[in-house]
Amino acid sequence: MIQPMASPSNSSTVPVSEFLLICFPNFQSWQHWLSLPLSLLFLLAMGANTTLLITIQLDASLHQPLYYLLRLLSLLDIVLCLTVIPKVLAIFWFDLRSISFPACFLQMFIMNSFLPMESCTFMVMAYDRYVAICHPLRYPSIITNQFVAKASVFIVVRNALLTAPIPILTSLLHYCGKNVIENCICANLSVSRLSCDNFTLNRIYQFVAGWTLLGSDLFLIFLSYTFILRAVLRFKAEGAAVKALSTCGSHFILILFFSTILLVVVLTNVARKKVPMDILILLNVLHHLIPPALNPIVYGVRTKEIKQGIQKLLQRGR
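Count along the sequence shown from 1, then add 4; that gives the number in the working numbering.
Careful, some of the hints might be misleading.
[Said to hold, decoys possible] Pair by pair, the computed Cβ-Cβ distance ranges are:
#, residue 1, residue 2, range
1, Glu-309, Ile-172, 36 to 44 Å
2, Met-281, Tyr-143, 44 to 52 Å
3, Phe-158, Asp-99, 24 to 32 Å
4, Phe-31, Phe-158, 39 to 47 Å
5, Leu-193, Phe-261, 20 to 28 Å
6, His-36, Phe-239, 49 to 57 Å
7, Arg-234, Met-281, 29 to 37 Å
8, Pro-144, Trp-97, 48 to 56 Å
9, Leu-176, Ile-257, 38 to 46 Å
10, Leu-318, Trp-37, 28 to 36 Å
11, Arg-197, Leu-237, 15 to 23 Å
To be clear, the hints were calculated from the coordinates, so they are not data collected in a lab. We treat Cβ as the ideally placed atom computed from N, Cα and C, and that holds for glycine.
Whole structure, please, built from the sequences with the hints as guidance.
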């Protein structure tokens, strides 16, 4: 049994310098069984996203705004995976549960900022598809490389600045004894519950910022696809509607999958009294792993240009 750093008698005076992560506190025997599928998904996510990045970099025909946005999405997925999964696997395999204060709050910052960065990237990609289908003649003048560069800066800066107060507020709390986090990751609420201070402000800010960022992105995505669907239904040429929708297919699948996973995590956390803690922890880990593993595969399978680019990459390696 892992013990806190301070005993109850002196917990109010001894500061905490590191945390201990306990994955699945009620079913720790599951860890060895879960390590295999998690490691396979991790390798799949890293391999697929790396292949996609190399393919877009080397194939000149993919040097287009939409694929630059897809490259940004792959970079976000890689960083998110590297931030969360190696530490989880280290706990499973080597029982390395300790995590320092700076590492814990850095992980918290990346998790809280990169999730809305992904939703914001999906929002920009939805706008790209809206312009391509609803205003095709104006597409080359609107969706340019300069537009993608500005959008990328906006995606990173907006979400980094608005989510930075979450780990900052949590790090400023007074941790005076408890240091065992019943989670595989440094989730904000899991950490702040260990403090001796009132963390109401922290919780309110995370709720407001999270739902403002994600909610606005998902609303604009829904609005874009509403306009796209309305425009497609007006097409009179045979097969034009199917062709137009097929160009949005991969993107729509990724958005639907992202939203579904996010909704499951939110609903299970809302019903945390009815859902076992171990299920909540597993869903949080999978949420940082399954979308990064599937995103490049969906685009690779459904997009002709990317498939051709991967084939060229494989031929170069021979």
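Consistency of the hints with the structure:
no.	hint	verdict
1	Glu-309 - Ile-172: 36 to 44 Å	42 Å, holds
2	Met-281 - Tyr-143: 44 to 52 Å	49 Å, holds
3	Phe-158 - Asp-99: 24 to 32 Å	42 Å, violated
4	Phe-31 - Phe-158: 39 to 47 Å	43 Å, holds
5	Leu-193 - Phe-261: 20 to 28 Å	25 Å, holds
6	His-36 - Phe-239: 49 to 57 Å	55 Å, holds
7	Arg-234 - Met-281: 29 to 37 Å	45 Å, violated
8	Pro-144 - Trp-97: 48 to 56 Å	51 Å, holds
9	Leu-176 - Ile-257: 38 to 46 Å	41 Å, holds
10	Leu-318 - Trp-37: 28 to 36 Å	34 Å, holds
11	Arg-197 - Leu-237: 15 to 23 Å	50 Å, violated
Checked against the numbered hints above, the structure breaks hints 3, 7, 11 and satisfies the rest.
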